[in-house]
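Colleague: Please work from the sequences and hints to get the whole structure.
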Amino acid sequence: MVRRLVPLAVVVLVAAAGLRDARAQAAPDAEIKAAFTAFVDGVAAGKPLPASVELFTPPGHDGGEPLPDDLAPIRKLLDRPRVKVRALVVSPGKTAAWIAAEITAKVPRDGKPKKESLRASAFLVKDGGAWAVRATHWSAGVKNVVDDGCGALHFEWEIERGVPARAEAPVKAVLDAFASYEEPKPLVGLLSDERRAFVFGSAPRETFAGGARIKSLFANWDVRLLYWDQDRPGLPARAGLAPGGDLLWMTAATTVTRMCTSYRSFFVLAKERAGWRIVHHHYSEPISLD
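Sequential numbering of the sequence shown, starting at 404, is according to our numbering.
Quick caveat, the hints were computed from the structure, so don't treat them as lab data.
Check each hint, because a few of them may be wrong.
To be verified - Using 27 Å as the maximum straight-line C-alpha spacing, the simulated BS3-like pairs for lysine-lysine come out as follows:
1. Lys518 x Lys575
2. Lys618 x Lys575
3. Lys509 x Lys450
4. Lys674 x Lys575
5. Lys479 x Lys546
6. Lys436 x Lys515
7. Lys588 x Lys674
8. Lys546 x Lys509
9. Lys509 x Lys436
10. Lys518 x Lys487
11. Lys515 x Lys497
12. Lys487 x Lys517
13. Lys497 x Lys674
14. Lys518 x Lys450
15. Lys517 x Lys479
Modeller: Have a look at this one:
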């Protein structure tokens, strides 16, 4: 009888230790979701943006500025918003994380508010023991429509530039890949194999998960950099690096030539064994919030 109880006790102890490990692992995810939800609630309540925020791309913002001048149009979309997490990944150093989520909202469609979800991406850092939003991109889905009256898109707008020196190399690699016309497409080589990789496309219901699935998409999608004035110093992007140096966010202007449409594009890159790889994309077209 004793011999039977000893291994059982060991199993119970191991299981209990495993449960503690699982809870410890889950804790950062819960904290990050809570921090982002509190940020959303703050926007809905009309609170000013926290000082930690470096970038906020809202649904109706079509320029390259890092922050909107007025949150009132965005606040009108939110009525007791609820956040649904689609993907959440913490950096290996536990100093940063990215989240892809949906936020319940009332989006103006043909002059009337329609209940639907905003797509939201956010980059958070551990700041003074608490998680804080550093960059975020929100959008509403816009149906894919080919513009028959296509003009010179590259003269329309450009991201307000700002790339830290330590992030220049990986950011430039991404920009070079989007600007390239080589085959096979260099961009596919910069996409992560991470199973939790996630993409928000610009159109409604365009959500894609898993590194393999996303690579297959971009092998066929012809997404390009909108414009790059090589005579102008600096990179046509804005970016921020995690305190631990293992995760970064960036934003740039892209286009799909056959659609004659430009996209505000947000990316999260993770430093993997093979080098910096894109783990999250978010593409959007601005909409009217009137």
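Colleague: Enumerate the violated hints, using their earlier numbering and listing them in ascending order.
Modeller: 1, 6, 11
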